[in-house]
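Trainee: Here's the letter readout for the chains.
Number of protein chains: 2
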Amino acid sequence: MNTQKIPDIIVSRLPVYLRTLQRMSVSGITTTSSQELGERVGISAAQIRKDLSQFGEFGKQGTGYYIPFLIDKLRTILKVDRIWDVAVIGMGDMGHAIVRYQGFGDRGFQVAMCFDSDPTKIGQKVAGYEVRDTRNLIKDLRESGIKVVMLCVPAAAAQEVADKLVEAGVRGILNYAPISLSVPAEVKVQYIDPAIGLQRMTYYLP
Amino acid sequence: MNTQKIPDIIVSRLPVYLRTLQRMSVSGITTTSSQELGERVGISAAQIRKDLSQFGEFGKQGTGYYIPFLIDKLRTILKVDRIWDVAVIGMGDMGHAIVRYQGFGDRGFQVAMCFDSDPTKIGQKVAGYEVRDTRNLIKDLRESGIKVVMLCVPAAAAQEVADKLVEAGVRGILNYAPISLSVPAEVKVQYIDPAIGLQRMTYYLP
Chain U
1 MNTQKIPDII
11 VSRLPVYLRT
21 LQRMSVSGIT
31 TTSSQELGER
41 VGISAAQIRK
51 DLSQFGEFGK
61 QGTGYYIPFL
71 IDKLRTILKV
81 DRIWDVAVIG
91 MGDMGHAIVR
101 YQGFGDRGFQ
111 VAMCFDSDPT
121 KIGQKVAGYE
131 VRDTRNLIKD
141 LRESGIKVVM
151 LCVPAAAAQE
161 VADKLVEAGV
171 RGILNYAPIS
181 LSVPAEVKVQ
191 YIDPAIGLQR
201 MTYYLP
Chain G
1 MNTQKIPDII
11 VSRLPVYLRT
21 LQRMSVSGIT
31 TTSSQELGER
41 VGISAAQIRK
51 DLSQFGEFGK
61 QGTGYYIPFL
71 IDKLRTILKV
81 DRIWDVAVIG
91 MGDMGHAIVR
101 YQGFGDRGFQ
111 VAMCFDSDPT
121 KIGQKVAGYE
131 VRDTRNLIKD
141 LRESGIKVVM
151 LCVPAAAAQE
161 VADKLVEAGV
171 RGILNYAPIS
181 LSVPAEVKVQ
191 YIDPAIGLQR
201 MTYYLP
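Keeping their order, the protein sequence lines are chains U and G.
Just so you know, the numbering used here puts the end of the first sequence at 206, numbered straight through with nothing missing.
Just so you know, the numbering used here puts the end of the second sequence at 206, numbered straight through with nothing missing.
Don't read these hints as lab results, they were simulated from the structure.
Fair warning: there could be bad hints in the mix.
Said to hold, decoys possible - Example chain U residues on the side facing chain G (calculated, C-beta under 8 Å, incomplete): (1) S25; (2) W84; (3) D93; (4) M150; (5) R171; (6) P178.
Claimed, not checked - Simulated pairs of lysine-lysine, DSSO-like, Cα-Cα distance not exceeding 27 Å: (7) K121/G - K164/G; (8) K121/G - K121/U; (9) K60/G - K50/G; (10) K164/U - K79/U; (11) K125/G - K125/U; (12) K79/G - K125/U; (13) K164/U - K139/U; (14) K50/U - K60/U; (15) K50/G - K50/U; (16) K121/G - K79/G; (17) K5/G - K79/G; (18) K5/G - K50/U; (19) K121/U - K125/G; (20) K73/U - K5/U; (21) K60/G - K73/G; (22) K60/G - K5/G; (23) K79/U - K50/U; (24) K5/G - K50/G; (25) K121/U - K5/U; (26) K5/U - K50/G; (27) K79/G - K164/G.
Model, not experiment: these values are computed from the prediction.
Think of the CB as a built atom: it goes at the ideal place given N, C-alpha and C, for glycine as much as any other residue.
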């Protein structure tokens with residue numbers, strides 16, 4: 001398996017399969033088919049079979065997929081068979097909501113620290129985490145070895161903070177600020193932007 | 001132009017182009033090239049030219065794109081040359097953050113009402129909006145004509161609420177609950193799930 005060659009678009013679908021399989025598993029379902037999985041995620045059965053076949057032979061003709069096995073495989077492929085410490089930068093409304101977010105559960109991530117530049121917030125506790133000073137961002141991230149962060153600062157500050165994150169050795173930025181970030185090729189950025197999500201739907205509306 | 005035939009993957013990139021162009025415009029930049037735009041959004045110049053050419057002839061060989069013109073075209077294509085009223089369902093931490101979100105600005109959306117099922121929240125004001133009772137969800141949405149909602153209820157409640165939204169005539173659901181929704185084909189769903197965003201990056205990390 002040469003992960004270098006898998007198209008990004010296929011990689012981007014794997015977490016959606018994993019989420020659905022994990023929820024099926026919690027409901028006590030132990031086997032599924034590409035048809036059933038496809039109906040649940042809104043992707044064709046053929047596409048699911050094609051996507052998964054990039055990584056190996058995970059199902060059996062006639063009996064389908066054994067869910068615990070497929071979950072294990074996907075968790076290994078996506079490297080969430082471990083727990084990644086994540087830092088949250090910017091403790092406004094969104095930062096607060098994320099620190100308290102309950103959806104990370106068994107999905108490979110835990111909030112480890114949070115930062116803000118506002119003196120009235122620094123030192124306060126949010127959901128048990130003491131808000132750290134962004135002036136120590138590079139030092140604290142380097143010492144902790146954190147590679148993945150969630151960036152919740154205002155748009156005007158996002159690029160400057162992103163530059164510091166790169167300097168600190170961060171390799172993945174989940175960006176909540178409504179701005180495209182410029183980072184080196186080895187740093188991945190994913191965007192969480194509700195307006196983008198909404199615009200992707202209004203296109204189809206009458 | 002036959003919008004039925006444009007692949008979803010192309011449509012999904014247009015809001016990203018629009019966001020970047022709008023930010024360039026705010027910075028006083030009036031023209032751009034597919035190369036420059038591509039560098040800003042992390043998509044190849046060839047792909048951008050190919051995507052835009054699906055909708056018409058928006059640039060000129062040699063001089064590139066006139067940004068205000070391209071913004072107007074994209075806003076029309078995405079139907080955000082108007083303001084869509086949006087309802088927020090579920091006023092937990094995330095619902096609160098969304099109601100206060102500043103990023104919708106000139107991007108086509110405004111929060112118009114919000115709902116919760118918790119008697120201690122109903123009737124309270126959040127960012128100037130009175131929290132409505134989800135028992136009136138179908139009636140209130142129908143009367144308002146709202147077609148787009150942001151769903152921020154817990155995962156366990158999301159499908160039940162989604163069924164009500166469909167009954168109320170909603171056509172687009174931005175789903176913050178970490179669960180795939182089952183809805184009729186004419187209803188669009190986009191997912192905001194930080195764990196999915198994070199997993200799309202860890203795949204590439206060492």
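Trainee: If a hint holds in the structure, say so; if it does not, say that too.
Mentor: The hints, checked one at a time:
1. A hinted interface residue such as S25/U counts as satisfied when its beta carbon comes closer than 8 Å to some beta carbon of chain G; here the least separation is about 13 Å, so the hint is violated.
2. Residue-level restraint check for W84/U holds (minimum Cβ-Cβ distance to chain G is 6 Å; threshold 8 Å).
3. Below 8 Å, beta-carbon pairs count as interface contacts, and D93/U has one with chain G at about 4 Å; its hint therefore holds.
4. Evaluation of the M150/U hint against chain G yields a held restraint, the C-beta minimum of about 7 Å falling below 8 Å.
5. Hint on R171/U holds. Least Cβ distance to chain G is approximately 5 Å, under the 8 Å limit.
6. The criterion of a C-beta within 8 Å of any C-beta in chain G is met by P178/U, whose closest approach is roughly 4 Å, and the hint holds.
7. Distance hint between K121/G and K164/G is fulfilled; the C-alpha atoms sit about 20 Å from each other, no more than 27 Å.
8. About 26 Å separates the Cα atoms of K121/G and K121/U, which keeps this hinted pair within 27 Å; it holds.
9. Among the hinted pairs, K60/G with K50/G is consistent with the structure: their alpha-carbon atoms are about 14 Å apart, no more than 27 Å.
10. Annotation: proposed proximity of K164/U to K79/U holds, straight-line Cα distance about 25 Å (limit 27 Å).
11. With a CA separation close to 25 Å, the supplied pair K125/G and K125/U stays within the 27 Å bound.
12. Of the supplied pair hints, the one linking K79/G and K125/U is violated, its CA atoms being roughly 43 Å apart against a limit of 27 Å.
13. A distance of roughly 10 Å separates the Cα atoms of K164/U and K139/U; the hinted pair therefore holds under the 27 Å criterion.
14. Under the criterion of a C-alpha separation no larger than 27 Å, the hint pairing K50/U with K60/U is consistent with the structure, at around 14 Å.
15. About 25 Å separates the Cα atoms of K50/G and K50/U, which keeps this hinted pair within 27 Å; it holds.
16. Restraint check for K121/G and K79/G: not satisfied, since their Cα atoms lie roughly 34 Å apart, outside the 27 Å limit.
17. Of the pairs offered as hints, the one joining K5/G and K79/G holds, with about 17 Å between alpha carbons and a cut-off of 27 Å not exceeded.
18. Annotation: proposed proximity of K5/G to K50/U holds, straight-line Cα distance about 23 Å (limit 27 Å).
19. Distance check on the hinted pair: K121/U and K125/G sit about 24 Å apart at the alpha-carbon level, within 27 Å; holds.
20. At most 27 Å may separate the alpha-carbon atoms for a hinted pair to count; K73/U and K5/U meet this at roughly 18 Å.
21. Among the hinted pairs, K60/G with K73/G is consistent with the structure: their alpha-carbon atoms are about 15 Å apart, no more than 27 Å.
22. For the given pair, K60/G sits about 25 Å from K5/G by alpha-carbon distance, which is consistent with the 27 Å threshold.
23. The suggested pairing of K79/U with K50/U holds, with an alpha-carbon distance near 21 Å, which does not exceed 27 Å.
24. Taking the CA atoms of K5/G and K50/G, the gap is about 14 Å. The hint holds against a cut of 27 Å.
25. Annotation: proposed proximity of K121/U to K5/U is violated, straight-line Cα distance about 45 Å (limit 27 Å).
26. Of the pairs offered as hints, the one joining K5/U and K50/G holds, with about 23 Å between alpha carbons and a cut-off of 27 Å not exceeded.
27. Pair hint K79/G plus K164/G holds up; C-alpha atoms about 25 Å apart against a cutoff of 27 Å.
When each numbered hint is compared with the structure, violations occur for hints 1, 12, 16 and 25.
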